[in-house]
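There are 2 protein chains.
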Amino acid sequence: MFIRELNRGKCKTYLLGCDRTHRAALIDPLKENTGRYIAVAAYHGFRLDYIFDTHTHADHRSGSWDVAEMAEAKVVMERHAPAPHVSMHVTNGDELEVGLLRLKIFSTPGHTPDGMAICVDGHVFTGDALLIGGTGRTDFTGGDPGQQYDAVTTKLFSLPDDTVVLPAHDYRGNQSSTVGKEKITNARIAGRSRDEYIRIMNNLGLPFPTRFRRRCRPTNRPSKTTR
Amino acid sequence: MFIRELNRGKCKTYLLGCDRTHRAALIDPLKENTGRYIAVAAYHGFRLDYIFDTHTHADHRSGSWDVAEMAEAKVVMERHAPAPHVSMHVTNGDELEVGLLRLKIFSTPGHTPDGMAICVDGHVFTGDALLIGGTGRTDFTGGDPGQQYDAVTTKLFSLPDDTVVLPAHDYRGNQSSTVGKEKITNARIAGRSRDEYIRIMNNLGLPFPTRFRRRCRPTNRPSKTTR
Numbered sequence: 085m086f087i088r089e090l091n092r093g094k095c096k097t098y099l100l101g102c103d104r105t106h107r108a109a110l111i112d113p114l115k116e117n118t119g120r121y122i123a124v125a126a127y128h129g130f131r132l133d134y135i136f137d138t139h140t141h142a143d144h145r146s147g148s149w150d151v152a153e154m155a156e157a158k159v160v161m162e163r164h165a166p167a168p169h170v171s172m173h174v175t176n177g178d179e180l181e182v183g184l185l186r187l188k189i190f191s192t193p194g195h196t197p198d199g200m201a202i203c204v205d206g207h208v209f210t211g212d213a214l215l216i217g218g219t220g221r222t223d224f225t226g227g228d229p230g231q232q233y234d235a236v237t238t239k240l241f242s243l244p245d246d247t248v249v250l251p252a253h254d255y256r257g258n259q260s261s262t263v264g265k266e267k268i269t270n271a272r273i274a275g276r277s278r279d280e281y282i283r284i285m286n287n288l289g290l291p292f293p294t295r296f297r298r299r300c301r302p303t304n305r306p307s308k309t310t311r
Numbered sequence: 085m086f087i088r089e090l091n092r093g094k095c096k097t098y099l100l101g102c103d104r105t106h107r108a109a110l111i112d113p114l115k116e117n118t119g120r121y122i123a124v125a126a127y128h129g130f131r132l133d134y135i136f137d138t139h140t141h142a143d144h145r146s147g148s149w150d151v152a153e154m155a156e157a158k159v160v161m162e163r164h165a166p167a168p169h170v171s172m173h174v175t176n177g178d179e180l181e182v183g184l185l186r187l188k189i190f191s192t193p194g195h196t197p198d199g200m201a202i203c204v205d206g207h208v209f210t211g212d213a214l215l216i217g218g219t220g221r222t223d224f225t226g227g228d229p230g231q232q233y234d235a236v237t238t239k240l241f242s243l244p245d246d247t248v249v250l251p252a253h254d255y256r257g258n259q260s261s262t263v264g265k266e267k268i269t270n271a272r273i274a275g276r277s278r279d280e281y282i283r284i285m286n287n288l289g290l291p292f293p294t295r296f297r298r299r300c301r302p303t304n305r306p307s308k309t310t311r
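Residue numbers (my numbering), protein chains in the order written: chain X, 85 to 311; chain F, 85 to 311.
Note that these hints are calculated values from the structure, not bench results.
Backbone N, C-alpha and C define an ideal beta-carbon position, used for all residues, glycine too.
There could be a bad hint or two in this list.
Said to hold, decoys possible - Derived BS3-like pairs: lysine-lysine, alpha-carbon spacing no greater than 25 Å straight-line:
(1) Lys115/X x Lys94/F
(2) Lys265/F x Lys94/F
(3) Lys115/X x Lys115/F
(4) Lys188/F x Lys239/F
(5) Lys94/X x Lys265/X
To be verified - Calculated Cβ distances over 12 Å to all of chain F for the following chain X residues:
(6) Cys102
(7) Asp150
(8) Pro168
(9) Leu184
(10) Thr238
(11) Lys239
(12) Arg278
Said to hold, decoys possible - With the C-beta cut set under 8 Å, the calculated list includes, among others, these residues of chain X facing chain F:
(13) Thr118
(14) Gly119
(15) Ala123
(16) Ala125
(17) Met154
(18) Ala155
(19) Ile282
The following block holds chain X by itself, in its conformation from the complex:
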C-alpha cells in the first residue's frame, strides 16, 4: 500500500495507492495543487479511480472537481454533502475497492454534517473529525459536538489501537498518530464525558477562517467558468 501526503503543509492531501494494480485514490485535494497531484500519480504510474472530499471544507477550495475531470476519476462524498457535482455518495458502512485495497467508510458528522472517515488496511483518514491531539471545530453551520463525540468515540475509537490516524489537518507539524494514542492523550476528547465535550466545544471561541463565506460553498461546485 502506498500512502503519501502531497501538500507538505497544514491542509493535508493524501495519495493512496494499490502497489500491485496501480489504481489509486486522492483524498482532500486543494484547488491550487491539482497539477502536482496528477504529476505525482503519473510519476508513480497510478491511475486515479476516486477523489474523496472527507467533508465540505471551510478553509480551502477543493480541487476534487478539477482533478476528477483531468484524470478521469469519480468524486466521492458522504451522502449529506450538498455538492451537486459529486459522482458518488457514500454512507456509513459502505465499502469501495481501489485495486486490491478495500476502503471502509465511516460517517463522522459533527464538524460538518457530511463528514466521513476512510479506513483501509490499518490506517484511517479521519478528515476533520479526529485530529492529532484535537478534534475539528463544531461551530460552523450544521456542526454538532454531540454527533462528533459519538462518531469519534463509537466509530473511530473502536478501531484497533495500532490503527494509524491520518487527519485532514495538522497545525503543529505532526504527520500521524494512532487510535490508541489518541484515546489516551487527545486533549479535547480523551477521558471526557459527552456532556463535558459538548460544553468545551461550545465555548472554544475560535475566530472564523479568513474569507470564510467564500470558501464555505459546497466543495465540489465548479467555478462559474467551468460549469
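Here the structure of chain X is known, so what remains is to put chain F in place on it, guided by the hints.
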C-alpha cells in the same frame, strides 16, 4: 480522440490526443500552468508533438515555449506570427498529423493578423476568432473586423453545423457550442452584413487588458533567462 480543457477558467487550454497512438497536441498553454499540462499529458501517457498558439495573446503570457522545451515538442503558429521562436509556421489549408488525427488549419485574421483555427474530426478550436456567442475584439494593433467577418463567415461557418466549437476564451461559463448554433445565435455576427459587423466592432469601446503592453509581446519569445 481525447480532448480536455486544462485551466478550468476563462482562458482555455486544450489537450488534444490520439487515443490509439498516444501522440498529442496542446493548444494555447498559459505560462503559469505549464507543470500541470505536462503532468496531465504524462498521466494519460501522451507524448506532445505540437504546441499551438492560435494567435499572439494579449491577455496572458504563452507557455508554448516552456512546454515545447520541456516536452520536446514543436511550437506551431500561423505564418503571420512575429514570434521568432516558432518551430513551424502554418497557413490556411495546411494539414498536420497528430497520431492518426488529421488537423486542418484555417487562417482567421481579424483579432490579430496571425489568428488560426484548427479543425479535427468534427471539432474546431477557434482561438479568439469565434467565441461562444461572440467574437474576439478587433481593436488591437493589426486587428481588422472585415477580415474577421470573412474568416468566420466563409471559413468557420462553412463547417458542418454539428461541428463542436471550442474557443480560446469564455467569460460566461460555457464550455462548447456548435457551428450551427453560432450561425443562428451569435449576438455579434449572426445575421449581420459585413458593413454592419465592421461598424459594431469599431464602436465596442472596450477597455484595454491590464498590463496590455507587457503581455502583447510576441507570444513565444522566451524570457531573458532562457535565451
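Tested hints:
Between the alpha carbons of Lys115/X and Lys94/F the distance comes to roughly 16 Å, so the proposed pair stays at or under 25 Å and holds. Restraint check for Lys265/F and Lys94/F: satisfied, since their Cα atoms lie roughly 21 Å apart, inside the 25 Å limit. With a C-alpha separation of about 18 Å, the suggested pair Lys115/X and Lys115/F falls inside the 25 Å cut-off, and the hint holds. With a C-alpha separation of about 12 Å, the suggested pairing of Lys188/F with Lys239/F holds against the 25 Å cut-off.
About 21 Å separates the Cα atoms of Lys94/X and Lys265/X, which keeps this hinted pair within 25 Å; it holds. The beta carbon of Cys102/X sits about 17 Å from the closest Cβ of chain F, which is more than 12 Å, so the claim that it is off the interface holds. With a least CB separation of 5 Å from chain F, Asp150/X falls inside the 12 Å interface cut-off, contrary to its annotation. The claim that Pro168/X is not at the interface with chain F holds, since no C-beta of that chain comes within 12 Å of its own (minimum 14 Å).
For Leu184/X, the non-interface assignment is confirmed: its Cβ lies about 21 Å from the closest Cβ of chain F, beyond the 12 Å cut-off. At roughly 40 Å from the closest C-beta of chain F, the C-beta of Thr238/X stays outside 12 Å, upholding its exclusion from the interface. The claim that Lys239/X lies off the interface holds: its Cβ sits roughly 34 Å from the closest Cβ of chain F, which is beyond the 12 Å cut-off. Once the 12 Å rule is applied to beta carbons, Arg278/X is consistent with being away from chain F; the minimum gap is 43 Å.
Because the smallest distance between the Cβ of Thr118/X and any Cβ of chain F comes to about 7 Å, under 8 Å, the interface hint for this residue holds. The restraint placing Gly119/X at the interface with chain F holds, with a minimum CB-CB distance near 3 Å, inside the 8 Å limit. Contact between Ala123/X and chain F, as hinted, is supported at the beta carbon level, the nearest pair being about 4 Å apart and thus within 8 Å. With a cut of 8 Å, the hint placing Ala125/X at the interface with chain F holds, because the nearest CB-to-CB distance is about 6 Å.
Among the interface hints, the one on Met154/X holds; its C-beta lies about 5 Å from the nearest C-beta in chain F, closer than the 8 Å criterion. Below 8 Å, beta-carbon pairs count as interface contacts, and Ala155/X has one with chain F at about 6 Å; its hint therefore holds. The beta carbon of Ile282/X is not positioned within 8 Å of any beta carbon in chain F (closest approach about 41 Å), and the interface hint is therefore violated.
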